[in-house]
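A.B. asks: Add chain B to chain A, keeping to what the hints say.
2 protein chains.
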Amino acid sequence: MKGIYLVTDEAACQGRSLESVVASAARAGAAWVQLREKKAGTRVFLQKALDLKAILKPAGVPLIINDRVDIALASQADGVHLGQSDMPYAQARRLMGPDALIGLSVETWEDVEAAQDMEVDYLGVSPVFPTPTKTDTKAPWGLDGLARIRNYSRHPLVAIGGIHASNAEAVITAGADSLAVVSAICSATDPFEATRHLTQIFKRAKEEKP
Amino acid sequence: MKGIYLVTDEAACQGRSLESVVASAARAGAAWVQLREKKAGTRVFLQKALDLKAILKPAGVPLIINDRVDIALASQADGVHLGQSDMPYAQARRLMGPDALIGLSVETWEDVEAAQDMEVDYLGVSPVFPTPTKTDTKAPWGLDGLARIRNYSRHPLVAIGGIHASNAEAVITAGADSLAVVSAICSATDPFEATRHLTQIFKRAKEEKP
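These protein sequence lines are chains A and B, in that order. 177 is the number that this note's numbering gives to position 172 of the first sequence; each next residue is one higher, with no gaps. 102 is the number that this note's numbering gives to position 97 of the second sequence; each next residue is one higher, with no gaps.
No lab work stands behind these hints: they were computed from the structure. Any given hint might turn out to be false.
When chains are identical, the list treats them as one kind, so a pair holds in a single copy or across two.
The calculated DSSO-like cross-link candidates involving lysine-lysine, where the alpha carbons are at most 30 Å apart (straight line), are [said to hold, decoys possible]:
no., residue 1, residue 2
1, 7, 211
2, 7, 208
3, 44, 143
4, 143, 62
Chain A on its own, in the form it takes in the complex (with noise of 0.2 Å):
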């Protein structure tokens, strides 16, 4: 499972629903999506969950759950993501069960090393450029870290952070499996037209790599 991550942020939907952004990110050829919502309630929080997952199922595009394994639960979402604030990963694989997708943020080398014995679907390499989406991140990888963390480690790496259509095929030579992404779709003008042309450079930047 790889190609274009959405990480959504209902506040840079422009006033769109997240609904409809999701519909047209799924449409358009989204690999996976990730629903993060870090101020709503658990109830609220839950009925989006469920939302995305009416919307996405059909589609076949797996549902993650930022964070929250209970919502991931409630909702039956595909799985889970965590970042070194959230619940270890040994709980959340022993709730979530052997067959859910569990993606780690790793934000210093010290992260990259632990992760290397779990048994976790997806590094998140976060971030690898330096975002205005999420202040609470460590310094950015840049891609001399992510193609350093590529050489290392045994999992897929999904790279996050100010990634967008010029800067994509540089960050998969460098070694990401998967590109997250929040503004370049969130905020796109059109973002059936943002994740379809970010598709298309994923396929062929990963055609030309050897």
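C.D. replies: Okay, now just chain B, sitting in the frame of chain A:
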């Protein structure tokens, strides 16, 4: 399971650790403890739950987690307390299983009626009196409102909000099966003595009640 129900508020503990306050309350006869944590990230919240579970399990005092089913499951807590903005009861029961304790806050008469069909283990009548601890609640029920719920509901009632030693007996007489307190224990000069005193008032009032 009836008696004094401690709801934690670390900020109200006046510099003492949550663990020391909870341990004192458990030794002094608290019947259950709810971990309420509205600001911490998931990992910190989970660690607090595990710490409290380690204290309460040997004491035979159930640990209830506020809102977060994932924290309850990962810490093997005994149950979860749901507000009206938290996960709906049916989903929480499905995830927690038939033996978990599930409490539900009721803040309006509609909440009380809706709960009648749910297999909740208690209703949290919230708030009974005005309280500075929680500012997002509706108008207080008062003793009259509590008595009205007692006459209608098939569920045990845990009264919460502004309860302390001077009004505890009146709350029990009005129909409470348990008394939930925050400040009356967390902020007490001596949490052990405060819990013991409330427990004595509770037992005496229950004996006197016809």
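A.B. asks: The structure should be examined with respect to each hint, and the outcome stated for every one.
C.D. replies: Hint-by-hint comparison with the structure:
1. 7 with 211: within (10 Å within a copy, 63 Å between copies)
2. 7 with 208: within (10 Å within a copy, 63 Å between copies)
3. 44 with 143: both (21 Å within a copy, 21 Å between copies)
4. 143 with 62: neither (34 Å within a copy, 38 Å between copies)
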